[in-house]
Amino acid sequence: MSKNIDKQIHSEQAMCVNQSELQSKWYQNIKYLIVGILFGIVFVKAEIISWFRIQEMFRFQSFHMYGVIGSAVITGIISVWLIKKFNIKTIAGETVVFHDKVFNKGNVYGAIIFGLGWAITGACPGPLFAQIGSGATVIVVTLLSAVFGTWVYGYFKDKLPH
Amino acid sequence: MSIIDFVKQPWPWYVAGPLIGLTVPTLLLIGNKSFGISSSLRHACAACFPANIPFFKYEWKKEIWNLVFVLGIFIGGFLAMQFLENPNALVVNEKLATYLSNFGITDYSGLVPNQIFNWQNLLSLKGFLMMIVGGFLVGFGTRYGGGCTSGHAIMGLSTLQWPSLVATCCFMLGGYFMANFILPFILAL
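Taken in sequence, the protein lines are chains A and B.
Residues 1 to 162 in the working numbering are what the first sequence lists, from first letter to last.
Residues 1 to 189 in the working numbering are what the second sequence lists, from first letter to last.
Read the hints as simulated data drawn from the structure, not as lab findings.
Incorrect hints may have been included.
Stated by the list, open to error - Have a look at the derived ranges for each label pair, beta carbon to beta carbon:
#1 A:Trp26 <-> B:Asn102: 49 to 59 Å
#2 A:Thr137 <-> B:Ser101: 24 to 34 Å
#3 B:Ile3 <-> A:Phe63: 25 to 35 Å
#4 A:Ala92 <-> B:Met1: 38 to 48 Å
#5 B:Asn52 <-> A:Leu160: 12 to 22 Å
#6 A:Ile74 <-> B:Asn102: 32 to 42 Å
To be verified - Computed far set for chain B versus chain A, every beta-carbon distance over 12 Å:
#7 Met1
#8 Ser2
#9 Gly104
Remember, predicted model here, so these are calculated numbers, not experimental data.
For glycine and all other residues, C-beta sits at the position ideal for the given N, C-alpha and C.
Looking at chain B on its own, in the form it has when it is part of the complex:
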C-alpha cells in the first residue's frame, strides 16, 4: 500500500482527536488566539450587515484571522475530497443503516445524505426544515450559548471552564433529543 492509499483510508479517532486538540496550543502560540469557530458567523454579520445592532458594532477587522481560519477549513475540505478521498463508501453501524433505509436514505457516497441535502429538496418541507431551519438553530444557538463544539467543548474544556462543561452537556442533550425523538418525524415527511 502506498503512503497516499494509507492516508486515503478514514482516519481513526485516536489520530483525529489529538490533531484537533493540538489546534488549541497551535492557535495560542502562533498568535495568542482562542480556538473558536462560531464567532466567524458573528464577524460575518458585523462585516456585512451590522444594522446598528450593538452586538455587531465592534472592530471586526481585528478578528479577520478567524474568517481566514474558516476559509482554510473550506479549502481543506475541498483538498481532502479532491486528493485524499476515501474510495469506499462510508461504513456506518448496521442498525443505523437499516433505520435510515426506512426513510429512503441509502446513499452513503457523500458526507451528507445526498438524498436529503440537495438543491431540489430545498423548498420541500423536509428540505426546508433540515437545511434552513437546522442552519438557523445552529447559528442562533451557538451565539446564544456563547460558542460551539470548538469554543466550548474543545477550547473551554481544555482550559477547565465550568460554563463550557454546562454548555457541552446541554448541546449533547439537545442533539440526543433531536436525533431520537424529533428527527424521525422530520425524516418521515
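Okay, chain A solo, but in the shape it has when bound:
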C-alpha cells in the first residue's frame, strides 16, 4: 500500500481533527464541558442510553430511537446548510471548516462490528460515559474494554482490509 493512501486513511479516521488554527487556552475547554453536560442530560432524559430502548430499536418495536436520530440528522443538515449558505463564522471569527470523508472498506466491516457491540451493550461510545455517570458503575469495565478495542485496532490497523 502506498504511503499516500495510508495517510489518507489515517486522516479520514482521525474523526475529530482539530480544525481550529488558533491556539486555545485551557479554560476555553470549559465551553465543551458545558455542551457535554447538556448533551449527557439529554441522553439520560430521552432514555437514549437505555439498553431497553436500543433493543426496541433493533427489534422494530418502538419509533422512539428512529425519531431521535432522524430529527437530529434533519436538524444537523439544516444547521450545516445555514452555516454554509450565510457563511456563518465561529465565535472566534474563523470560517467553519468541513472535511469530506474518504470511503474505505472499514466503513463497512468496522461499522458492522460496532453494530454487533452496540446491540449487546446498548451503548455507543457517548452513552457509555453517561451510563457510568448515571450510576451503572460496572460500565467502567465496558468502557475500558472499548478503549482496549480501539488500541487493538491501532495495533493491527495495517493488517486489516481498508
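Using the hints, position chain B against chain A.
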C-alpha cells in the same frame, strides 16, 4: 405540575432529537470542532499507552477538548440521574417486556438491566460476553469503521457524506443481526 416535575418526565423524541442535532452547529461555531465521540477512545490510547503505534502517535493534547466533552457527558449523566430522575420505571413495548422476562430480566429501574450489568456477573460467561466482549466490539468497530453514531450518523449525515451513510446502514445491520439472532443465545446462558 411544577416545572421540575415536567422536566422529570421522559423527554419525547421530537425534543431530544433536535437538541442532539443542535450539538453539530454548536461545536462548529464555538470552536470549529466536528461532532464525534468515539475519537475520545483513541485519544485515551494516545495519551495513556501509545506503545509506539503510529496510529496513536499524534498530538493528542490538541484534541483535549474531546476528552473534556466526554467528561461533560459523564457529569451530565450524573446530574440528570441525581436531580431529574424519572420517578417511574421505564415503559417498554409489551412484546419486549414479555420476551425479556423469559430470560429473567424484569428490573426496569436502571438504564441498563441491573440483573445482567452488575459487578457480580462480570466474570460469568454471560456477563463477560455482554460487558467485556461487547465493549471491545464497540471500541474496535467504531475505530475500524471510522466513527460511531455521533461521528457518522449525526455529523456525517448532516454534512451529506456518503461513506457515513454506508457506515450508518452497516451498523444498523450489525445491530439488527445481533439483537435478533445472536443476543437471544447470550441472554439464555
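- Query: Between Thr137 of chain A and Ser101 of chain B, does the beta-carbon spacing fit 24 to 34 Å?
  - Reply: Given a distance of about 26 Å, which is inside 24 to 34 Å, the answer is holds.
- Query: Do the Cβ positions of Ile74 of chain A and Asn102 of chain B conform to the proposed distance bound of 32 to 42 Å?
  - Reply: 37 Å, holds
- Message: Tell me if the beta carbons of Ala92 of chain A and Met1 of chain B are separated by a distance inside 38 to 48 Å.
- Response: 42 Å, holds
- Query: Between Trp26 of chain A and Asn102 of chain B, does the C-beta distance stay in 49 to 59 Å?
  - Reply: 52 Å, holds
- Closest CB of chain A to the CB of Ser2 of chain B still more than 12 Å away: 16 Å, holds
- Met1 of chain B remote from chain A - nearest C-beta pair above 12 Å: Label holds. Min Cβ-Cβ 16 Å, cutoff 12 Å.
- Message: Verify the CB-CB distance for Ile3 of chain B and Phe63 of chain A against the hinted window 25 to 35 Å.
- Response: Distance hint for Ile3 of chain B, Phe63 of chain A holds at roughly 27 Å.
- Task: Just tell me: holds or violated, for the beta carbon distance of Asn52 of chain B and Leu160 of chain A against 12 to 22 Å?
- Result: Hint holds: Cβ distance 19 Å, inside 12 to 22 Å.
- Message: Verify this label for me: Gly104 of chain B is non-interface relative to chain A, using a Cβ-Cβ cutoff of 12 Å.
- Response: 15 Å, holds
Taken one by one, the earlier hints all hold for this structure without exception.
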